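Each of the two chains sits in its own frame; use the hints to bring them together as a complex.
These are the residues of each chain, in order.
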Amino acid sequence: MNIIKECESINKEYNYFNTIAKDAKEGNGKLKGYYISVKDCICVKDMETTSGSEILKGYKPLFNATIINKIEKEGGAIIGKTTQDEFGFGSFNVNTKIVPKNPFDKTRTCGGSSGGAAGLTQKASFKHIAIAESTGGSIACPASFCGVIGLTPTYGIVSRYGLIDYANSLDKIGVMAKDVKDVELMFNIIKGYDKKDSTSLNNELNKDVKIKKIGVIKECLNVDKEIKDIVLSNLDKYEIVSLPLAEKYGLSCYYILAMAEASTNLAKYCGMRYGAHEELNGDFNEYFSNVRSRYFGKEAKRRIILGTFTRMAGYRDAYYLKAAKVRSLIINEYKNAFKKYDLLVSPTMPIVAPKFSEIDKLTPLENYMMDIMTVGPNLAGLPHISYNAGFKNKMPVGIMYIADHLNDNKLIQIGKKKE
Amino acid sequence: MKVDKELIKRVASNARLNLTDQEIGEFMPQLKDILDVFSKIAEVDTKNVKERFHPVEIKNNVREDKVEKSLTQEEALRNTIHKKDGYFKGPKAI
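The listed protein sequences derive, respectively, from chains A and B. All residue numbers for the first sequence refer to the working numbering, where the first residue is 163 and numbers rise by one. All residue numbers for the second sequence refer to the working numbering, where the first residue is 90 and numbers rise by one.
Calculated directly from the structure, the hints in this document are not laboratory data. These numbers were taken from a predicted model, which means no experiment stands behind them. Where is the CB? At the ideal position from N, CA and C, for every residue including glycine. Please note: incorrect hints may appear among the correct ones.
Calculated pairs, DSS-like style, for lysine-lysine (alpha carbon to alpha carbon, straight line, at most 25 Å) [unchecked claim]:
id, chain 1, residue 1, chain 2, residue 2
1, A, K222, A, K523
2, A, K410, B, K121
3, A, K358, B, K172
4, A, K460, B, K172
5, B, K129, A, K497
6, B, K136, A, K430
7, B, K181, A, K410
8, A, K358, B, K178
9, A, K463, B, K136
10, B, K158, A, K222
11, A, K219, B, K178
12, A, K174, A, K187
13, B, K129, A, K219
14, A, K174, A, K357
15, A, K289, A, K578
16, B, K158, A, K523
17, A, K222, A, K259
18, A, K554, A, K263
19, A, K259, A, K501
20, A, K578, A, K501
21, B, K178, A, K460
In silico negatives: residues of chain A with every beta carbon more than 12 Å from chain B [unchecked claim]:
id, residue
22, G189
23, V371
24, K374
25, D386
26, S414
27, K501
28, D504
29, K580
In isolation and in its complexed conformation, chain B is listed as follows (with noise of 0.2 Å):
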């Protein structure tokens, strides 16, 4: 597996990291390491397998559309200091 500084830049731009220089270049070889490993089950014959994306069978769990009890709006504004009246308040959109 190829690992280069462009993919890493790449990955993390997608994944809203800046990563400064060093830590690329720290990451850069463990990724490999890391990768060479990962990519050893492609030995694995998956021909005709399912994937699994719960290791027991889960039902749908949905509860009625109906309007419950939750959070005020004075609560669920508690933990920002980023509000305004009575809205949160974000970087600039566009």
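Bound-form chain A, shown alone (with noise of 0.2 Å):
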């Protein structure tokens, strides 16, 4: 069957695509014979590129994100953008037009906010690996909720150039596939540093792979007893580690700097240059205002909120610089804990993927709770990779193992040993 012809089979029944490409250019290297989605906030040459956002209905960026060229490069073919929440803004990727369904029952969340990436990378039945973004958990989650592997590298090791920003500090690309040497192969494609990426690390990755000791985190185990079983029983040996302040203060601490950096990042969203336009009416606040009211969502418009307010006058010491400082404090306990352990394991997230019908029911704050283990790894910028650990009446659960920054490729090899 035409590859292009099973991704709009998939895409009826499960809407994994904002667009799909007219034709998958095959090439020759490293990626020959794979085919490549990418997720909908990465900029592809003349491909619509929206974030997921109806404000940017239409726009066809004019040059490819640096590791696009890199995949081209390596003969991987690109068949299309992948559904999202709105620049990212979600853990189970409702809060957007159009909304992936969960490969094992279509009743429930993909998870998000790289929902359309996980559930593709389960269903294509071609050779796939998905492009996929991380800022506080948006590649684990979908991952473990799709019972696929999802791997968010090191801050800084991939070039985020030509990446539609949703908090610079902590916007990660990573990579998902169902084999963990895809994700290798991908991944030692795509890193490496970049001068168009004022924040491209310039640092070598360790080679030393081994793992001697697994420390479990404590207060992940807080969840529903057959998750914690699950996860547990994928590890051989392991020692019980706290990291109370991520546990306590990393969503807090993770959704201040978050919203704070997204409410900036929106700013430049205004309907002149590109994306949805209006007619010209009003001066430039009435336009701006008017614009940006009309194609914003709700989950976009609450955190523009709540991120203008932390950096204003009169709030900004209290909560934006605050957690800036608690963010060092979190920073250190995870240090502290790699001078002992190799990895640090977790359950991915607390619950298997949930019905929508539940999802409608939760307030913005109960949705947030939702990423109360991802949070940490991603405000520490620390590696970490999902791997499927088992079932839950039938839905997968996740299980989440965290390195030392530029120890990905530790990550990797946990994977491989378990094969």
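Shown next as structure tokens:
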């Protein structure tokens, strides 16, 4: 079956694409024979790129993200742009027009924000690797809910040039696949210093992949017993390690910083140079406000309000700057743990993929709380990976391994050992 | 944390958003809920702790001040309908 036709047929049933390529251009190189999907927040030249937002409807980038050039150079065939929460704002991929459905049960979420990437990775019958992106857990969460592998690299190791920002100090491009060897193949292609990204890291990854000691994060075991048992049954030997600061304050610290950064990043969308346009009526304040109010979704508005508030005079010290200090302490807490352990472990998510009808009942705060396991490593820029650990009531459960900065290869190594 | 209609309106106006009364009514209790949880970071002792704005140490990475190839005027204007004589056309400024 033609690959594009298969994508169209999967998409009809599951909503994994915002855009499907007209044809998949195959080439020669390390990715010959592979079909690559790209999360919609990453620019592919001449292919509509909306980051899941109505305000970017119609935007066709004039350039490729650095990683897309690398993929094309190695012969990877780009098949389209996958669905996501608007600008990455969400854990269930419901904050957008096109909502992807879980490959195991269509009444449930794929997780978010890289939901389309994870669902397609599980469902595609062809050789497929997904390019995804995480700010606070947007790779690990959907990988866990869809039963695939999701790698979030060390912050700065993969170029962000051509990524539509959510929060610059947190965004990381990563990889999803069914086979750890495919994750490794793609990671090795897309990583590396890029002078076009001012936060690109010019450091070598640690080549030592020996894993001697694993620490399970105590505070993360406070979940459903079945999920806890499934996760622990994947480990032969482990110790228990406590990370009280990350557990107690990680969520607040993450959301304050992420929303503050998001609200500044979203300031550029105003209906003038790309994306949604309106008739040029009123002065610039009226015009910009009209376009923004009309095209941003509800969660984007909520985050813009909160992010603007925490940076405002009178509140900045208590929220934004305080959170940046707490971030220092949380990073140190992880760094101390890595003096003793090669890898830290927790369940990826405290639950299995919920039903859409259950998500409808959650308040925004209850939504944010679902990220309790994943925000810590994201806040600290630590590489982490989610593997399938087993199933609860036929729904996948994820186990998350976290490594110290630049030790991404250990996360791949642990998967190879499992095979 | 006191979150009232006036505060939300003020923040929204700073962020160039017009919120409807219905949106404000919906957001008010939600934002209060969220800010109450955010406020808990005040408990953490951060005396003598420096802020971290990046998770890893990053050296300034600036390119040489040299003219490089960039988009043509025509390309730069391709994604907008608001253009005139090779420029972006914006709303009234004064």
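Hint check:
1. K222(A) / K523(A): Violated - the C-alpha atoms of K523(A) and K222(A) are around 36 Å apart, more than 25 Å.
2. K410(A) / K121(B): Given that 25 Å is the threshold and the Cα spacing comes to 19 Å, the pair holds.
3. K358(A) / K172(B): Violated, at roughly 28 Å.
4. K460(A) / K172(B): violated (30 Å)
5. K129(B) / K497(A): holds (23 Å)
6. K136(B) / K430(A): violated (36 Å)
7. K181(B) / K410(A): violated (49 Å)
8. K358(A) / K178(B): This hinted pair is violated, its Cα atoms lying about 29 Å apart.
9. K463(A) / K136(B): Violated, at roughly 34 Å.
10. K158(B) / K222(A): Holds. K158(B) to K222(A) sits at ~20 Å (cutoff 25 Å).
11. K219(A) / K178(B): Holds - the C-alpha atoms of K178(B) and K219(A) are around 19 Å apart, at most 25 Å.
12. K174(A) / K187(A): Holds, because 22 Å separates the two Cα atoms, which is no more than 25 Å.
13. K129(B) / K219(A): The hint is violated at about 38 Å.
14. K174(A) / K357(A): violated (40 Å)
15. K289(A) / K578(A): holds (19 Å)
16. K158(B) / K523(A): violated (52 Å)
17. K222(A) / K259(A): With Cα atoms ~19 Å apart, K222(A) and K259(A) stay inside 25 Å; holds.
18. K554(A) / K263(A): Given pair K554(A), K263(A) holds - Cα atoms ~18 Å apart, limit 25 Å.
19. K259(A) / K501(A): Not OK: K259(A) and K501(A) at ~45 Å, beyond 25 Å, violated.
20. K578(A) / K501(A): Satisfied, since the Cα-Cα distance of roughly 24 Å is no more than 25 Å.
21. K178(B) / K460(A): violated (29 Å)
22. G189: holds (24 Å)
23. V371: Given a closest Cβ separation of 20 Å, the condition holds.
24. K374: Holds: least Cβ distance 24 Å, greater than 12 Å.
25. D386: holds (22 Å)
26. S414: violated (5 Å)
27. K501: holds (17 Å)
28. D504: Per Cβ check, D504(A) is outside 12 Å of chain B; nearest 19 Å; holds.
29. K580: holds (28 Å)
Violated hints, listed in ascending order, are 1, 3, 4, 6, 7, 8, 9, 13, 14, 16, 19, 21 and 26; each of the other numbered hints is respected by the structure.
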